[in-house]
Amino acid sequence: MAEKVMAKGTEAIAEAAVRAGCRLYFGYPITPQSELTEYMARRMPEKDINGVFLQAESEVAAVNMIYGAGCTGHRVMTSTSSPGFSLMQEGMSYIAGAELPSVFVNVVRGGPGLGDIQPGQCDYFQATKGGGHGDYRLVVYGPESLQEAVELTFKSFDIADKYRTPVLILADGLLGQMMEPVEFPEFNDPKSFADHSGWAMRGTDMKRKPNLVSSFNIDPNGLEEMNHRYQEKYRKIVENEQMFEEYMTEDADYIIVAYGTMGRIAKSVAKEAREKGIKTGVFRPITLWPFPYEPLAKLADKSKMFFAVEMSAGQMVEDVRLAVNGKKPVEFYGRTGGIVPTPNEILSKFMELI
Amino acid sequence: MINRNHKVFAFIGMFGSGKTEIALNLAIDMKKTYEKVAIADIDVISPYFRTRDERENLKKLGIVPVLPPERFLNADLPIIPPNVGGYIENPEFKTILDVGGNDDGAVVLGSLNNFIKKVDTAVFFVINPYRPFTDSREKIIGHIRRLSDKARTEVSYLVVNPNIMDETTPENILKGEKLVKEVSEELGIPVAFTAVLEKFSDVDTIYEKFLIKRYMKVNF
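Those protein sequence lines, which keep their order, are chains A and B.
For reference, each letter of the first sequence is one residue, going 1 to 354 in the numbering used here.
For reference, each letter of the second sequence is one residue, going 1001 to 1220 in the numbering used here.
Incorrect hints may appear among the rest.
As the list claims (entries may be wrong) - Computed spacing ranges between beta-carbons, pair by pair:
hint, chain 1, residue 1, chain 2, residue 2, range
1, A, P45, B, V1119, 38 to 44 Å
2, A, E294, B, K1032, 45 to 51 Å
3, B, L1211, A, E239, 52 to 58 Å
4, A, E183, B, K1178, 18 to 24 Å
5, A, K236, B, K1059, 56 to 62 Å
6, B, V1119, A, F125, 52 to 58 Å
7, B, D1166, A, I278, 26 to 32 Å
8, B, K1199, A, P185, 27 to 33 Å
9, B, E1089, A, P190, 56 to 62 Å
Said to hold, decoys possible - So the derived list for chain A, only partly shown, Cβ under 10 Å to chain B, looks like this:
hint, residue
10, E11
11, P32
12, E90
13, S93
14, S268
15, G314
It is worth saying that the hints were derived from the structure and are not from the lab.
The beta carbon of each residue, even a glycine, is placed where N, CA and C say it ideally should be.
Please construct the entire structure, taking both the sequences and the accompanying hints into account.
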């Protein structure tokens, strides 16, 4: 009907994935992201889409379906929430090792363990420091709004293709469940996608040697060579793919650092602080890996204090400390258990600190 | 406008169509006229943004929120409050039912059929034409038929909720109403009202306006 639609976060990511060219979705429902799976179940079989939706018997099965389907080099995706993402970690490591383009969504809820179904940001370590085994990295995006989530979903597939790497969209439960107006970009033209014919398994027609996709090498030197290749790729990603937003930081004495929906709450806090005459800005990492250390470090030269705010007991704050590197104090405020701190709550903590 | 002579007002519809907002607003509005108003949260679909989130506010207003036991309020389980049948039948109360979205949500209303059929129940099907899956006449009609089967009841009224949040324009409202008008004419189900935010009180609409406030919002 209209250009803009009212979307729920999970639906916005799902539709964006379809438009970005994803035709292979495997998943297992879990709150608070089940609507993403449900959306795909409805959307993929539609005539003009003609994709594959498959409900796996568990997250372990889903991630291995991604592993298998990813070997074809087509645009593949799964989505889950925290406990489900933990179950996927072994597969993630294999996928990273096999260098398969693939997109993952973790709509984070309160943890650890079964936790609850309320929003959380407590999977930051798992997402950015490697939840599975081995020296691998995921490109991790932390969108703050539904529109940004749509744009980053498109980008995730492109980055996954460009670097042959798994990409993760780390959305807190709030982003997954809230509704906002969204404008979807046009459908991607599959002809524009990267050419994966050199490595992908799409059939040989008995005319050539089969391609081999593996994360396995019993020769230590050969495995080290593979690791060097991974690290070279990660170095390029660090160099080229960092994303962040600075909000009123130019003259700021105090910098609030927050990502995802907390980034939006932080902006409200900064505005209120400015009304009280306190020059406050917000630094919002959009790529959580690669974390934008250098741009944040630059702010340490002119600001008095950094204040990290998270829906966790303090995870991203460790990267903030690495960036600031002792030049200025780094303070932290977090809520756990699925509780979203209010702007007032953060503001009063902030006022205590300055 | 809403015929308030009914005993029970049940809101069904697709996921995210605005049922909870409208149910809450109706409960609060009804309380102005009727002494005893109850609103039952029988939404087993949405994990967040539910009637139960407003329970303290409702109690303050003297409205009875009919909810699962407190300790299970955030459980990821489809719990139907055991006393909901009583509130449906109790003639002293005007009772509003906030039903979960989609087919699986509507099934819950079907499960209460033994109570529902004993009293004068109005079933409202809420449509936001700016939501995916309810943006065309064919899709809406399909959903109404299916959900009506699942809920084991006819739909008494349609409700237009033409809403793109802060970006809603008077043109959106009218365009949304026109779409639902086509559905109404084809199915022979009357439109009860168009829900609009209070700031649109001056906008001309095809159907009577029900002015609402937003309760389910994120505190940014």
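Hint by hint, here is what the structure shows:
no.: 1; hint: A:P45 / B:V1119: 38 to 44 Å; verdict: holds (40 Å)
no.: 2; hint: A:E294 / B:K1032: 45 to 51 Å; verdict: violated (59 Å)
no.: 3; hint: B:L1211 / A:E239: 52 to 58 Å; verdict: holds (55 Å)
no.: 4; hint: A:E183 / B:K1178: 18 to 24 Å; verdict: holds (22 Å)
no.: 5; hint: A:K236 / B:K1059: 56 to 62 Å; verdict: holds (58 Å)
no.: 6; hint: B:V1119 / A:F125: 52 to 58 Å; verdict: holds (54 Å)
no.: 7; hint: B:D1166 / A:I278: 26 to 32 Å; verdict: holds (28 Å)
no.: 8; hint: B:K1199 / A:P185: 27 to 33 Å; verdict: holds (30 Å)
no.: 9; hint: B:E1089 / A:P190: 56 to 62 Å; verdict: holds (58 Å)
no.: 10; hint: E11; verdict: holds (6 Å)
no.: 11; hint: P32; verdict: holds (5 Å)
no.: 12; hint: E90; verdict: violated (25 Å)
no.: 13; hint: S93; verdict: violated (28 Å)
no.: 14; hint: S268; verdict: holds (5 Å)
no.: 15; hint: G314; verdict: violated (22 Å)
In summary, the numbered hints that this structure violates are 2, 12, 13, 15.
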